[in-house]
Amino acid sequence: MEHWSWILIALLVILLAVVLLRTLFFRSKRFPAGPKSSLEINVEKAAERLAGAVRLKTVSESDPSKIDRAPFREIIRYLEQAYPRAHTVLEKELVGEYSLLYRWKGRDSSRRPVLFSAHLDVVPVEEGTEEDWLYPPFSGAIAEGHVWGRGTLDVKCQIIFILEAIELLAAQGFVPSRDFYLAFGHDEELGGTEGAARIASLLQSRGFDFEYVLDEGGCVNEGAISLVPLPVAVVGIGEKGFANIRLTAAGEGGHASMPPPHTAAGIIGAAVAALEKRQRPARISPYLKTMLSYIGPEMKFPYRLILANLWLFGPLFKRFFAAFPVGNALLRTTTAVTMLEGGTAPNVLPQKAGAVLNFRIAPGETGAELLEHVRRVAGKKVQVEPLILNEPSLISPVDAEGFKAIERAVYSVFPEAVVAPYIVMAATDAVKYQSVCRNIYRFSPYQISSEDLERIHGTNECISLENIRRGILFFLELFNG
Numbered sequence: 001m002e003h004w005s006w007i008l009i010a011l012l013v014i015l016l017a018v019v020l021l022r023t024l025f026f027r028s029k030r031f032p033a034g035p036k037s038s039l040e041i042n043v044e045k046a047a048e049r050l051a052g053a054v055r056l057k058t059v060s061e062s063d064p065s066k067i068d069r070a071p072f073r074e075i076i077r078y079l080e081q082a083y084p085r086a087h088t089v090l091e092k093e094l095v096g097e098y099s100l101l102y103r104w105k106g107r108d109s110s111r112r113p114v115l116f117s118a119h120l121d122v123v124p125v126e127e128g129t130e131e132d133w134l135y136p137p138f139s140g141a142i143a144e145g146h147v148w149g150r151g152t153l154d155v156k157c158q159i160i161f162i163l164e165a166i167e168l169l170a171a172q173g174f175v176p177s178r179d180f181y182l183a184f185g186h187d188e189e190l191g192g193t194e195g196a197a198r199i200a201s202l203l204q205s206r207g208f209d210f211e212y213v214l215d216e217g218g219c220v221n222e223g224a225i226s227l228v229p230l231p232v233a234v235v236g237i238g239e240k241g242f243a244n245i246r247l248t249a250a251g252e253g254g255h256a257s258m259p260p261p262h263t264a265a266g267i268i269g270a271a272v273a274a275l276e277k278r279q280r281p282a283r284i285s286p287y288l289k290t291m292l293s294y295i296g297p298e299m300k301f302p303y304r305l306i307l308a309n310l311w312l313f314g315p316l317f318k319r320f321f322a323a324f325p326v327g328n329a330l331l332r333t334t335t336a337v338t339m340l341e342g343g344t345a346p347n348v349l350p351q352k353a354g355a356v357l358n359f360r361i362a363p364g365e366t367g368a369e370l371l372e373h374v375r376r377v378a379g380k381k382v383q384v385e386p387l388i389l390n391e392p393s394l395i396s397p398v399d400a401e402g403f404k405a406i407e408r409a410v411y412s413v414f415p416e417a418v419v420a421p422y423i424v425m426a427a428t429d430a431v432k433y434q435s436v437c438r439n440i441y442r443f444s445p446y447q448i449s450s451e452d453l454e455r456i457h458g459t460n461e462c463i464s465l466e467n468i469r470r471g472i473l474f475f476l477e478l479f480n481g
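For the sequence shown, our numbering begins at 1 and goes up steadily by one.
Just so you know, the hints here were simulated from the structure itself, not pulled from any lab data. Treat the hints with care, as some may be off.
[Unchecked claim] No more than 20 Å apart at the CA atoms, straight line, and that leaves these computed lysine to any residue pairs for SDA-like: (1) K57 - Y135; (2) K300 - G223; (3) K277 - A265; (4) K289 - L305; (5) K352 - M339; (6) K404 - A33; (7) K352 - K381; (8) K36 - Q172; (9) K45 - S464; (10) K352 - A256; (11) K277 - K318; (12) K29 - S293; (13) K36 - L465; (14) K105 - Q204; (15) K36 - N480; (16) K277 - R376; (17) K29 - F301; (18) K381 - H262; (19) K277 - M339; (20) K66 - H457; (21) K36 - R408; (22) K289 - G314; (23) K57 - V123; (24) K29 - A405; (25) K57 - E194; (26) K29 - L227; (27) K92 - A171.
Because the structure is a prediction, the values reported are computed rather than measured.
Could you put together the complete structure from these sequences and hints?
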């Protein structure tokens with residue numbers, strides 16, 4: 001017995017040594033970047049130009065017949081007038097009437113080009129909330145150190161950052177080392193089928209193979225991950241799939257005084273409850289491990305020890321991480337009940353009831369697997385109909401030139417942050433470019449709090465003048481890189 005005790009103690013000592021050594025070598029990936037561009041940026045003028053773009057109501061309504069196309073034509077003219085030098089060095093092409101494709105010719109056409117993507121359209125302001133805004137949502141007011149209005153964060157700012165940088169560089173006679181392309185779609189908020197999809201199809205027909213694509217997606221977030229004491233610059237290396245699935249159940253109508261054991265509404269209620277309870281499995285996927293390898297070394301003990309040793313503490317980590325909405329979304333395909341319907345009166349049995357659920361499909365899973373799961377859990381009495389089913393995107397590498405260029409630019413402009421690759425929960429235009437590029441990244445160069453994130457698609461959307469300055473600097477770094 002004593003012999004086995006010594007063996008057990010020896011094994012525990014070895015285990016402890018391995019855990020501590022892995023923690024010791026779990027080191028920060030942050031690095032000092034080179035000096036920022038010395039070009040003088042007139043932030044006030046840049047803010048005025050962003051404000052002018054915000055005043056043009058390029059709103060994508062869910063009903064296409066309600067879309068006012070005039071502001072879309074006007075913003076194309078506005079950008080030409082606001083950035084005259086940029087438009088002398090850019091070759092412009094109109095795609096699908098309202099989307100823009102630019103080429104900035106570089107010195108070395110043998111190098112693979114780079115594509116920067118953004119979108120001209122914005123979401124509507126929810127009816128009845130206009131009075132909740134501190135400044136009118138399409139006023140482009142410049143006040144309290146911010147530009148206010150719809151599109152300041154999502155994502156007219158990105159267009160302004162890019163064109164401001166080109167305007168500055170063009171004034172210096174600068175010519176980039178390679179070709180740069182700019183793709184500004186006009187219907188991203190509706191799925192990008194007429195904008196980015198057409199641009200991508202055009203580029204594919206011309207045989208393009210880009211070094212990397214940069215679209216909106218992540219940003220520098222303060223407090224998003226409470227255990228990390230630094231702002232986290234999350235750079236999207238992929239995005240989740242998207243599915244809206246309708247559940248329908250039929251039942252016998254009649255008076256509610258003599259009900260069957262299960263009404264149509266009851267069947268749907270049971271199916272919805274079962275799907276909420278039996279979630280898709282939580283997984284520490286390869287891309288999540290990559291993300292944690294970037295942020296884990298910045299955490300304090302014992303969290304750093306746990307993340308350095310997921311081979312041992314994986315189950316503990318999953319249970320802890322899944323307790324937070326953001327963590328849960330990173331671990332699995334999520335399930336959200338968004339719509340319920342059924343019944344005409346309190347005392348009438350519904351002949352039909354239904355629900356719509358929204359799923360965000362984690363990379364590594366498929367739409368077919370999700371549908372099989374929904375049908376199995378909902379039961380045979382429920383009809384399952386996919387309304388929208390988009391597969392997860394491909395995952396882009398973090399050791400490619402594009403990611404490293406973005407990483408260097410972030411550390412140059414946001415030296416206080418830590419860069420971390422992650423999976424974007426929402427849908428972007430970026431997936432449209434998978435036919436012309438393998439290395440696609442998603443990042444907007446501004447620093448905001450978790451509270452500010454709620455302004456995107458919400459009330460009081462605004463961006464600080466300091467973020468405008470940093471956003472321009474970021475693209476100056478990429479063009480110079």
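Quick rundown of the hints versus the structure:
no.: 1; hint: K57 - Y135; result: holds (15 Å)
no.: 2; hint: K300 - G223; result: holds (15 Å)
no.: 3; hint: K277 - A265; result: holds (18 Å)
no.: 4; hint: K289 - L305; result: holds (14 Å)
no.: 5; hint: K352 - M339; result: holds (15 Å)
no.: 6; hint: K404 - A33; result: holds (11 Å)
no.: 7; hint: K352 - K381; result: holds (12 Å)
no.: 8; hint: K36 - Q172; result: holds (16 Å)
no.: 9; hint: K45 - S464; result: holds (13 Å)
no.: 10; hint: K352 - A256; result: holds (14 Å)
no.: 11; hint: K277 - K318; result: holds (17 Å)
no.: 12; hint: K29 - S293; result: holds (8 Å)
no.: 13; hint: K36 - L465; result: holds (18 Å)
no.: 14; hint: K105 - Q204; result: holds (19 Å)
no.: 15; hint: K36 - N480; result: holds (10 Å)
no.: 16; hint: K277 - R376; result: holds (13 Å)
no.: 17; hint: K29 - F301; result: holds (17 Å)
no.: 18; hint: K381 - H262; result: holds (11 Å)
no.: 19; hint: K277 - M339; result: holds (17 Å)
no.: 20; hint: K66 - H457; result: holds (19 Å)
no.: 21; hint: K36 - R408; result: holds (11 Å)
no.: 22; hint: K289 - G314; result: holds (11 Å)
no.: 23; hint: K57 - V123; result: holds (10 Å)
no.: 24; hint: K29 - A405; result: holds (15 Å)
no.: 25; hint: K57 - E194; result: holds (18 Å)
no.: 26; hint: K29 - L227; result: holds (17 Å)
no.: 27; hint: K92 - A171; result: holds (18 Å)
When each numbered hint is compared with the structure, no violation occurs for any of them.
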